[in-house]
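2 protein chains.
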Amino acid sequence: MTSREYKKVIWTALLILLAFIIGVLIGYFSRTIVFQPDSRTKLLDKLNRDGDNSITQKLFDTIDTGQIDSNLRILTGKPRLAGTENNRESGDFVHRQFLQYGLQSEIIEYNVTLSYPDKTADNYVSVIEEDGTVTFKTVAIVEGDEVQPFNAFSPSGNVMGNLVFVNYARETDFHKLKDMNINVSGTIVIAKYGKGFRGNKVNNAYEAGAVGIILYSDPGDYAPSGTNATYPDTVFLPKDGAQRGNIVLNKGDQSTPGYPANEYSYRLREHELNARLPKIPCLPISYSNAYNLLRYKCLLFNGVNDKNRYVMVGNHRDAWVYGSIDPISGTIVMVETARVFGQLLKDGWRPRRSVLFCSWDAEEFGLVGSFEWVEDNSKWLSSQAVAYINVDSAVSGNDTIHLKTVPLLQKVFEDAANKVPDPYGKYNSAYEAWRNHPRFRVYKMGGGSDHVPFLAGLGIPSMYPKYSYLKDIWNSTSTPLYHSRYENYHAFKMIDPELKFAKTMTSIISESIRNLADSRIIPFDIDRYTEYISNGVEELLNHYGQVVGPKMEEWIHRSVNAFHESAARLKSIIAAIHNDNDDPLYARQINDKLLWLERSFLLDEGLPGNSMYKHLLHSPDTANYYGGVSFPGLGGITQCMDIQNTTECHVEIHKHVAKIIQRIFDAAKTLDS
Amino acid sequence: MTSREYKKVIWTALLILLAFIIGVLIGYFSRTIVFQPDSRTKLLDKLNRDGDNSITQKLFDTIDTGQIDSNLRILTGKPRLAGTENNRESGDFVHRQFLQYGLQSEIIEYNVTLSYPDKTADNYVSVIEEDGTVTFKTVAIVEGDEVQPFNAFSPSGNVMGNLVFVNYARETDFHKLKDMNINVSGTIVIAKYGKGFRGNKVNNAYEAGAVGIILYSDPGDYAPSGTNATYPDTVFLPKDGAQRGNIVLNKGDQSTPGYPANEYSYRLREHELNARLPKIPCLPISYSNAYNLLRYKCLLFNGVNDKNRYVMVGNHRDAWVYGSIDPISGTIVMVETARVFGQLLKDGWRPRRSVLFCSWDAEEFGLVGSFEWVEDNSKWLSSQAVAYINVDSAVSGNDTIHLKTVPLLQKVFEDAANKVPDPYGKYNSAYEAWRNHPRFRVYKMGGGSDHVPFLAGLGIPSMYPKYSYLKDIWNSTSTPLYHSRYENYHAFKMIDPELKFAKTMTSIISESIRNLADSRIIPFDIDRYTEYISNGVEELLNHYGQVVGPKMEEWIHRSVNAFHESAARLKSIIAAIHNDNDDPLYARQINDKLLWLERSFLLDEGLPGNSMYKHLLHSPDTANYYGGVSFPGLGGITQCMDIQNTTECHVEIHKHVAKIIQRIFDAAKTLDS
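Protein chains in written order, with the UniProt record's numbering: chain L, 1 to 673; chain W, 1 to 673.
Isolated chain L, as found in the complex (with noise of 0.2 Å):
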C-alpha cells in the first residue's frame, strides 16, 4: 500500500468515523426532540402547578365602578321584599347578568312559609288611658311598594297591658329589673334597638312573662348628632323610621325544618309549626300564606385540576324595603366579582378549584335560602366544599374594616387585603390602613348571615368581611337607617360616594377567591387555629376550672398539646412539598386533611338547645343569636350556672367539656391520619 493510499483509508476512516459521530448526535437530538417535553411531563406540570399570582393584578385592573354604579341604581330602583314580585325581577337581573359574563347560572326555586303584615290593616301601638280613651296612636309612613314595619313571624292579634321600659331587653336587662322587684309579667314591654340579635329580645321578652314587645330605634343610638341632622341630610334615622327585622331564633323555612323546603318534604301541622314560632306580638302583623322563593346558583366554571373542590361566594338578594347597604351593598360587589372572573375565563385563565356563587333570598325571614339549599345539598357540600365567603351588606359603612373569620380564613383575607391599595390613600395597603385603625379587631363568627347553614351546620370554614362603621361620628356596626325605607342608593351614595370601598371589598374577596381556588394547598391558616383553641381554653379555664376539676384540666390541655403537635406535624409536610416533591397525589392528601379539619369540631346532635347548630366552635351564641363566642354550646349551660348553680348544671358543663376535649382530639387526629 502506498503512502498516497494509506492516506486515503485513514481519511476514509475518519470520514466513517465523522459520519459515525454526526449520525450518533443526530440521532440523539432527534429523539431527543420528540420527546422532551412529553405529554406526562405536561400532565404533571398542570397538576402541580401553584396558583399564578400574576393574575391578581389582572382581576384588579377588570374592575370597574360604573358597572357597579349601574347595579347599584337598579338593585335598589324598587323594594325587594321576599317573596314579592319586585324582588323576583331582582333575581331575574342578577341572574341575567351572570349569564351575559359567560358563567353558567341556575334558579331552584322552594316552597316556603314566609311573614307578612297584613296589606289591609296597618300595625300600630296606642295608649289607652285608664277611662278607655286612646291619647296616641303610632303611624309608619310608607310610600308605593313598600312593606309597612313589621316583625316577621311574630304572632298576630291585639295585646293590652301597662308598658314596661327594658332597656335592651337582654336576660342582664330582665336580670336587673328582677333585682329591682320590677314584675313585667303581664306587661308590655318597650326595648331599644341594638346589642344583640331581636329575636333573643322578643324571646328574654317571653320568659319574663310579658305579653308583647315593642322594639323601637333609639335617637341616643341612631341618630346621636340630634334629631334634625339625619337622612336625606344624614345616614341618621329620622324620627319616623322604623327598623324591620325576623324575630325567629330557628332558622331556614319554619315549615320544613331538616328538609329541603321541596314538594316531598314533611311540613309542620300548625299546632307544630306555632310551637316553634315567637309567642308574643312583637307589633300587631298577620301571616300571609306560602310565597315561592327564588335562589340563584351560579356554576362559575369548573376548576381544572381539583374539579370537585368548590370554593364558594354567597349573599341575599332580598331586602326589607330598599336595602341599598343591607344587601345591596355585598350583592353589587359579588356581581362585579363574578363580571371580573367571567372576563378572565374569557381571556383562557382556569383555576384549579370550582368556583360557586350563590344569591340567595328570603335572608330576612331567617336565612331561609341558604338553610333550604343546604339541607338540599348537605351530603355532597361536606365532602367538597372548601370555603364559604359571605359578602352581606360588604359596604355597611366607611370607617374601617369589619372581619368576622374563623381562623384558618383569617391569612386569606389579610394576605388578600395587603395587595389592594389604601382606600384612603394614607397607607401603603387596606390592610395597612386596617391593621392601624385604633378599632382594629377581628371578629368571631357568629351568627346574623347565610354563613351560618354552611359554618354551623356543615363545618365549611367562612369568612364574612365589610367595611363598617361610620367615619368619626357613629360607634355602631350598623348603619342608623339598617332595615328603615331610607337605607336606599341616596343613602348608600352618602356612604360610599365613589364607590371606593365597594371596589375595595371587590379587589379583596376577587383576591381571595383567587387565592383559595387557585393554589396548590389550600391556604388556610394552621397557626391561627392553636393559637384561637388556646385562647378559648384558657377563657374555659377562667371561668369553669373550679368546676371541672384539676383531671379535665389536666385532659384539656392534653388534647390541646397533642393538636399543637398533629398541627406542626402537618405544617413541617407543607412546608417540604414545595422544594421536592412531584406528586399530585401527596398534594391532595394534604389539602383533605386540610379539608377536614373544620368538620372535625362538628357534634352529629348539636349543640345543647339547638341541634341545627353543630359546630362547638363556631356555631352562634345560644343567647345571643347574632354574637360570636369560643364556645357557643356553653351559652345556655351558663344561664344555667348564673340562675341556678346546681349539680345539674355542673353536670352539663362536664358533659360538654368532654366533648371539647374529644372533638380537639379528634381534629389532631384527622392532621395525623
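Incorrect hints may have been included.
One copy or two, it doesn't matter: identical chains are merged, so the pair holds either way.
[As the list claims (entries may be wrong)] With a straight-line cut-off of 30 Å between C-alpha atoms, the simulated DSBU-like cross-links for lysine-lysine are:
hint, residue 1, residue 2
1, Lys-346, Lys-669
2, Lys-571, Lys-307
3, Lys-58, Lys-404
4, Lys-119, Lys-137
5, Lys-307, Lys-42
6, Lys-346, Lys-419
7, Lys-419, Lys-404
8, Lys-307, Lys-46
9, Lys-239, Lys-471
10, Lys-551, Lys-655
Because the hints were derived from the structure by calculation, they are not lab data.
Since chain L is already given, all that's left is putting chain W on it; use the hints.
Same frame as chain L, but now just chain W:
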C-alpha cells in the same frame, strides 16, 4: 479513476453511510436508554397502576393450615371472657403475632362498665310450690375459670311469679298470647333462644309486664338428633349446656354513650345508667366493677399512593367461655390473613391504600371495644375509611357460605370467592359451590357484630362473610353449642377437621382486601346499589303506598330515577378511564365519589328510636337487633301502624319517607358533583 478505485469510493461511501446510520441508531437508542423511563413517567406509572392480580396467587400459596391450627389451639386453651386476665393474655398473644409478622401493632385501653355474675353465689331458678316447698332448683356445670351461665347487664335480684311459656318471646308471640287472653303481667316468662336477638326478648317481656325472664336452648332447635347425640360426639348441645350472652339494646360502653370511654369522658350517674339497662332479671346475676378493656390495632402498612385511604378488617377476641367458633374461628382467619400479608410485605410488595387489622375486645358485652374505638376516631374514619370487613365466627358451620354484605361490596366478595377452590372439591370455585347450593341467599347487614359502629354509625361499607349451617343436619345459622362451655377446640375440629373452611375463608378475605386496597378504582358495585334501592322502594310502596299517597310515590320514583341516572353517568366515566385517562387526580376524584356514596344515606339525628344508628338503609332493624331490613328506621313505625294506625303513625311514616327521598337525591348528587 479506475473502476476498482470507483468501487472503493462506493464502498467507502457505503461504509460512511452505514457508520452514519449505525450512529443515528445508537444515538437514538442510547438517548432512549438515558431518558426512558424517566422519573416523572415512573411516578405517573406508579400513581396510575391498577391492582396487581399476580399477588392473589401468592396470598393463597402463603396460607398455612398448620399455623391456623396452632393459633386455634392456643386461643381456645382457656376461657376468654372480656375483662379477665385470660383474655388479656389472648390479646397479648395476637399483639405478639402481629409484631412477629413484621406489622405495626398498638394496644389502646378503655375503661368500661362490664357485667359479671357474683363469684360467691350461683345463679339459679327454683320451683316453689304453693305451700312454700322448693321442688326443683337449676344447677349449672362450671369448671376452672369458666364463668357461670348469665346474661350480661341483667339487673340482679330475686323475683317470684307464676311461670308462663312465651315461645320465642317475639312481639308476635306476645300478641298471640294477648289474643288468647293470657296476661303475662306479674309473671316470670320462659322463652326459647333463637329467631331473634335475646335483648329484644327481654325487652318484649318487660313491655308485656313480666317481672323476670328465663331463656333456654330448646332441644328441638339445639339437639334435633336427640339428646343422646350431643357433644362430645356431635356438635349438638348437651342437656346441661347454657347459652350466655348480653341483653342490651344500646351497644358500646353502657356508661359513656356518645363518648369514647376515656378518663375525660362523661360517665352516666347511677340513675342515668339504670335507665338505659334492662329492667327485669334474665337470670340472677351480680355486677362487678369496671374492668379494663383492651383493643389491638395493627397498622399493617401504609399504602403507597392513597396512604390516607384505609381498608379495615376486624374481629373480636373475647368469648363467653372458650369461644372456638365465636369468635376464634374468625380470629384464626384474621391472624393468618395478617401473617400472609406480612410475608408479602417482606417480599417487597406494597398496595395502593393502607390496611388496618383490628382485634376487638368485649364484643359479647355489646360491641364495647369497637364502639368505643369508633367514638374515639369517628372523624378521620368518616373521611378516610374505604370499607370494613368483619370476620367474626368465620367458620360457624360447614354447609355453605353465609354472606351479609352491603350491595357495594357484594361483587368484591364474589370475585374473591371465584378465585378460590371449592373446599368440597365439587365445583370450580368456592363461589360456584355457594351459588349452586339450595340455600343460596345474600343477607342484609343488620346488627350482631362489630361492623355496626362502622356501617350504621359512620356509613363505611361493610361485609360479614362466614361458612355456616351444619352439613345435612342443621337448619339454623348459629351452632347449638353457641355461647356455651362446649364451644371449644374439640367442637370446632368436628366442624372443620382439616381446617379447609378456615383456609378457604382466609383466601377469600385476603383477596377481598387485596382488591379493595390495590385496585386503582375502588371496586364498588354501583349497579347492585341501584337494584337494592329499587327493590327496597317497591317493598316500601307495597306496605305504605296507601299511607304516603300518589304525590309522595311519584317523588320516590323521581329520586330513584335520579340515582339510576347518576350511577349510569359515573359508570360510563369509570369505564372510560381505563383506556385514555392518565391523570391520577381524576381517578382520585372518582374514588372520592364512591367513598362518599354510602355516607350520603346517613341521618345526623339517627333513626327514630335510636340516635346511634344513623344509616337509613344498613342499620340494624330496631324491632330485631340481629335482623337486616330495607328501611330499618321504619321498624318502630311499623309497630305503631300495626297496633294503633293513628294519624300520628301516618305522620311518622311521612316524615321518614321524606328523609328517604331526600337521601336518595343526596346520593345522586354525590355521584354527580
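Tested hints:
no. : hint              : verdict
1   : Lys-346 x Lys-669 : between (43 Å within a copy, 28 Å between copies)
2   : Lys-571 x Lys-307 : both (25 Å within a copy, 18 Å between copies)
3   : Lys-58 x Lys-404  : within (27 Å within a copy, 58 Å between copies)
4   : Lys-119 x Lys-137 : within (18 Å within a copy, 82 Å between copies)
5   : Lys-307 x Lys-42  : both (18 Å within a copy, 25 Å between copies)
6   : Lys-346 x Lys-419 : within (24 Å within a copy, 54 Å between copies)
7   : Lys-419 x Lys-404 : within (19 Å within a copy, 59 Å between copies)
8   : Lys-307 x Lys-46  : both (13 Å within a copy, 22 Å between copies)
9   : Lys-239 x Lys-471 : within (22 Å within a copy, 92 Å between copies)
10  : Lys-551 x Lys-655 : within (14 Å within a copy, 44 Å between copies)
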